[in-house]
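Peer 1: Protein chains in written order, with the numbering used here: chain V, 1 to 365; chain S, 1 to 365; chain R, 1 to 365; chain D, 1 to 365.
Just so you know, the hints here were simulated from the structure itself, not pulled from any lab data. Keep in mind that the hints are not guaranteed to be accurate.
Which copy is meant is left open, so a pair is good if it fits within one copy or across any two.
Derived DSBU-like pairs: lysine-lysine, alpha-carbon spacing no greater than 30 Å straight-line [unchecked claim]:
1) 269 - 75
2) 75 - 361
3) 100 - 361
4) 100 - 360
5) 189 - 307
6) 307 - 360
7) 269 - 21
8) 269 - 307
9) 269 - 361
10) 100 - 75
11) 199 - 189
12) 100 - 269
13) 199 - 307
14) 307 - 361
15) 360 - 269
16) 100 - 199
17) 307 - 100
18) 194 - 307
Protein chains: 4
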Amino acid sequence: MSGSTFGRQFRVTTWGESHGKALGAVIDGCPAGVSLSEEDIQRYLDLRRPGQSDITTARKEADQCEILSGVFEGKTTGTPISVMVRNADQHSKDYADIAKAFRPGHADYTFFEKYGIRDYRGGGRSSGRETIGRVIGGAIAARILDELGISVCTYTKSIGTVEIQRCDLAERHLNPFYMPDADAAVAAKEYVHKAMEEKDSVGGVIECRINGMPIGVGEPVFDKLDANLSKAMLSIGAVKGFEIGEGFQASLLRGSENNDMFRVSEDRKVVKMTNHSGGVLGGMSDGSEIVFRVSVKPTPSISQTQKTVLEDGSEVDMEIHGRHDPVIVPRAVVVVESMAMITILDLLLQNAVSRIGQIKKLYDR
Amino acid sequence: MSGSTFGRQFRVTTWGESHGKALGAVIDGCPAGVSLSEEDIQRYLDLRRPGQSDITTARKEADQCEILSGVFEGKTTGTPISVMVRNADQHSKDYADIAKAFRPGHADYTFFEKYGIRDYRGGGRSSGRETIGRVIGGAIAARILDELGISVCTYTKSIGTVEIQRCDLAERHLNPFYMPDADAAVAAKEYVHKAMEEKDSVGGVIECRINGMPIGVGEPVFDKLDANLSKAMLSIGAVKGFEIGEGFQASLLRGSENNDMFRVSEDRKVVKMTNHSGGVLGGMSDGSEIVFRVSVKPTPSISQTQKTVLEDGSEVDMEIHGRHDPVIVPRAVVVVESMAMITILDLLLQNAVSRIGQIKKLYDR
Amino acid sequence: MSGSTFGRQFRVTTWGESHGKALGAVIDGCPAGVSLSEEDIQRYLDLRRPGQSDITTARKEADQCEILSGVFEGKTTGTPISVMVRNADQHSKDYADIAKAFRPGHADYTFFEKYGIRDYRGGGRSSGRETIGRVIGGAIAARILDELGISVCTYTKSIGTVEIQRCDLAERHLNPFYMPDADAAVAAKEYVHKAMEEKDSVGGVIECRINGMPIGVGEPVFDKLDANLSKAMLSIGAVKGFEIGEGFQASLLRGSENNDMFRVSEDRKVVKMTNHSGGVLGGMSDGSEIVFRVSVKPTPSISQTQKTVLEDGSEVDMEIHGRHDPVIVPRAVVVVESMAMITILDLLLQNAVSRIGQIKKLYDR
Amino acid sequence: MSGSTFGRQFRVTTWGESHGKALGAVIDGCPAGVSLSEEDIQRYLDLRRPGQSDITTARKEADQCEILSGVFEGKTTGTPISVMVRNADQHSKDYADIAKAFRPGHADYTFFEKYGIRDYRGGGRSSGRETIGRVIGGAIAARILDELGISVCTYTKSIGTVEIQRCDLAERHLNPFYMPDADAAVAAKEYVHKAMEEKDSVGGVIECRINGMPIGVGEPVFDKLDANLSKAMLSIGAVKGFEIGEGFQASLLRGSENNDMFRVSEDRKVVKMTNHSGGVLGGMSDGSEIVFRVSVKPTPSISQTQKTVLEDGSEVDMEIHGRHDPVIVPRAVVVVESMAMITILDLLLQNAVSRIGQIKKLYDR
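Start from the sequences, fold in the hints, and give me the full structure.
Peer 2: Structure below.
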């Protein structure tokens, strides 16, 4: 088992369980000389807690990060950056009654079968809190992408059947759903409340747009930009699908509809007349906006009675008490953005040595 | 650039261009003692050529494979298995007229921008022929999965708007679309012919089902079974989307609809009452059938006139002559199956040392 | 830069600087079900501090470790194990006078040239304290090797020109040099004191012996057991050479002298009549004792006046004040042992899936 | 088993057995735009055959290489370069009599124990012919290093007890030992002949010098330049030891003797007054010449009678007939040089993105 590291050049290793002492990440391969503070990271971590609303759980944790290494006098030094978030509450009493039960839709059963042991407190390693390490990595990647003029923008496209009708990014931070359409957010709230009344939960779709990418980022065969993005997304707990550009819709289009023709822009650059491809051709960024979507399943923790089985093999009916988000989507938005940033930065760094000319330029003395 | 290897324990490295001397793969990490012959591999390579029909191109290549190393007296030895397929035809005259043009929907432009040089003959490395190496890897993985009692079954779910209405696997090999529904195949043929008449192409959806997987395969965080499958799929040239279980549909379901409840079977095993998850929980196989789908875009090579740009920056109208498949889906079915087999075998091998008990059992003398 | 992780299946990622907030390691790929406590780790960390003697520095740090994740109810869970040691003293005043100077024999100059920035406090990442993360990893590996019946024994073979004349392992822990020869230790003490009087430092040789290894561990080409051990050793700060079995002496021997002939033991096992190879043949463990040695250079920090250059390019004479170990060897013994344990465990886990028969046995249900 | 790939950015995967159909290598991550021909590679392969003399075996193989992919119109394209050498002679009759015996000093026994099967013909994968793939990789690396102004020079330092007394590189190619001292070569010849008369073999020491390296190449912790070089060297079949700079001698020196002091050169560069370190400080190149040595054991194949065991466990006396090199060293010189070039190029490419400033420079549009 060595699946807790993501990336080749920019490597993010996450660790920690929901109710352990702490969670964190070690980022290896971050270039030296980048300005970085705990505030830079905290800003992203706070986005994981759209809180203060009735659609997200009220776990009262500040999730305060601490940089333990790799930064000196406000700049990265090129050495691994270790960042930690202490778990304020390690008490497991809330979970005592479900300790031995395999919750439907959760990883309890598979963890137990794989390892023969599991930290049942709050889902342990498969808790949503595992994403703290990813957001730390994303926040650091963000600092570098910013210096390179690359911007990543992520938002909720739909909550259940409620889809945005416009995309006004300014409205995105004004509602707890991160929807760039205030009217859709109102409808989404109603939609979620309806589910809550019925002790149920809902899912949704998140969309991400990346601008400013140099052309040619991504490796042509297995490490395609879209392949790595797809892995990054499906590695997030509740994500069940990924599509880029026309995605599944592409299967219904004609070639003449799906191809993007080329022309030369006024400033003499090659540009695509449309962007059905979603910003990648042959797995490499093509200079247009990268656009992809992920499907997020409804929260598996619901307070309805569900049939399940205990570790000892006996059947039981269970109800999951305590507060649980009726929808994961809003919290997942920053996680999607973080994984996207880690992925593209890693490929940007790998791409840097694609040509002998670049290498000679770098080592020219 | 080091993106031509897939896998950690079972590692497939592919090489070769469409019109180079040869294409092939090196498989490192294949366990010793597995029966393997050139026929075992050839059988899968032949599936890449559903040929003989009017919906696939007539490139007359036998694609005969040759095992160069790693097999001794009919068994794998644990050393790397090198397999090569010579390109019968390396003449590039067919492509001379489009050598300097960036074909819409192809990787010509991004390859040129990334490397400053490209083998323009038949798409070079981004040709569909690149998948020969993947199918070689898949064929070898198939031998091992077979010994472990794991079966993988892949077929065409839809061609454009024509979707299968039943899934009779026996019918799958009786039509050039690999559709498990003979009636749908007839309709698909008509659908494709319509597009061909209009000098156009179509896409489709491929579905894959895996049975017999042990529980717990896949690593909990970044190397989730579904995450690695997703990367494997999006790394295939024309694939634009991936979904597992309910996939994008999950975003529309309630938690109570999407969760799979557990019960105990008559033979005292924990089983799921439904399979909305598609066979994975928390990124690990859960003992039920693994089901995923991929979206394949319409063939970008169409004979309609398209606007594009040459390497020198001048705008042109181009028509792509020669025969091209009006739909990639049928050829892609075995590629999807190959990548799926490589992916699950790699994770099976990684999973083998998850518990100290397993390790002690192995090294017990 | 992504060189802070060692291993493929058992992966140790270290982080931290000498005078940062903390140092630590994340161990990914540790099998589940292994008993592990902070005491198990602390025992090894304490060996890094043979202190209390006049041959090691008196930095008053308890180096108390804290397990932050991956262990539940006293057992490893298969998830990453994060272990941290807080730096008691982060004050950098001791180093203020040498902050801008490149100390001879240290990495100050190369760090500065590589990254354009460096944490000059106590050597930053190139401090001996970096080995704390390695020892954490080694201590965890030790628990598993112990369960597999594998023992690793490391000791000082020579201090400068003073070499052990016998190898009585019981005497090893009775002198501050970890020499298995009490008389040699007395002579070594005198030898070191002589150097100290002259404001100088000395080096030495460490030897490591591994018993109980299964046959066939190590991969035949690049990841040979001895190749990986060699890398592990040269990755330790002050190590300048590695040799296994007859090592450099082998270059002087005849084939008839260096070959180990085989015979069959009374219990019907194949055994070697001698062990010139040092326990490996073709990069794989051969069933006999693994024996290797490393050369450790004299401590570069000496209080004699040395010529050097400042960051601004001006030449200066410098004297390094403060207490520094006159010999690194004793502290390095546990580091050598730790890296050896990490290396062989990693290869043991990789080796577990070398044969189809093993895999079928593991997945037999 | 997945140990047939070396490197992270510049990745060399080798394959092939002594008496299989062919041997070769796939090089992934080679930058685009580098001039490369089969002659460039053949030149290095020919150095593996110092033949025509009485100190090397007379296997009459041209070892003609064929580039199968990755080169277009004389330049690398950035895609994997596959190079193959056909085995002229696959007949195994020469080895029939020793097929079931474990030759002393060879990997026969460990291969059999690890995999339960082995290609006994000529040592199979553990044959010296396995190094063909390494030399192919080295020859390609050489082209790039040449463009960067980096030179690597390797020669025989000693044959048994006969050591060079001077280092005149011009003399290196004038004797079959690659010794930069013609007189020593004469003495070495006599030394080897003496051993041959007694049906025995000898070893030796190879030294490698690298000039022109930029400062700061190598990663500070596990992927130190010397650590990776050491692994590269010990991964070569007959190598038993590695040392850099003063190496094992450093254990006998005082700090004041081993430290290299800094001064400023006339052209205002920081330089070391001596080079005891062998060109690395803290695992990074320090701007001075990199100097390391490896110990090569005597050829294990000798025609004296040796005791050994058969696969079935019976004891036998064996004599190894056929011609075998009485000394491996001359053939190993180009292998050492090849592995050195692969190693430093790989780290050069990794180092390219160590600073944010470099990355911004590269992506500045």
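Peer 1: Confirm or reject each hint.
Peer 2: Structure-based check of all given hints:
no. : hint      : result
1   : 269 - 75  : between (36 Å within a copy, 26 Å between copies)
2   : 75 - 361  : both (25 Å within a copy, 19 Å between copies)
3   : 100 - 361 : between (60 Å within a copy, 27 Å between copies)
4   : 100 - 360 : between (60 Å within a copy, 27 Å between copies)
5   : 189 - 307 : within (29 Å within a copy, 46 Å between copies)
6   : 307 - 360 : neither (64 Å within a copy, 34 Å between copies)
7   : 269 - 21  : neither (53 Å within a copy, 35 Å between copies)
8   : 269 - 307 : between (60 Å within a copy, 15 Å between copies)
9   : 269 - 361 : both (23 Å within a copy, 20 Å between copies)
10  : 100 - 75  : between (47 Å within a copy, 17 Å between copies)
11  : 199 - 189 : within (15 Å within a copy, 48 Å between copies)
12  : 100 - 269 : between (62 Å within a copy, 16 Å between copies)
13  : 199 - 307 : within (15 Å within a copy, 55 Å between copies)
14  : 307 - 361 : neither (64 Å within a copy, 34 Å between copies)
15  : 360 - 269 : both (25 Å within a copy, 21 Å between copies)
16  : 100 - 199 : within (23 Å within a copy, 61 Å between copies)
17  : 307 - 100 : within (14 Å within a copy, 61 Å between copies)
18  : 194 - 307 : within (23 Å within a copy, 51 Å between copies)
Figure legend: structure checked against the earlier numbered hints; hints not met, in rising order: 6, 7, 14.
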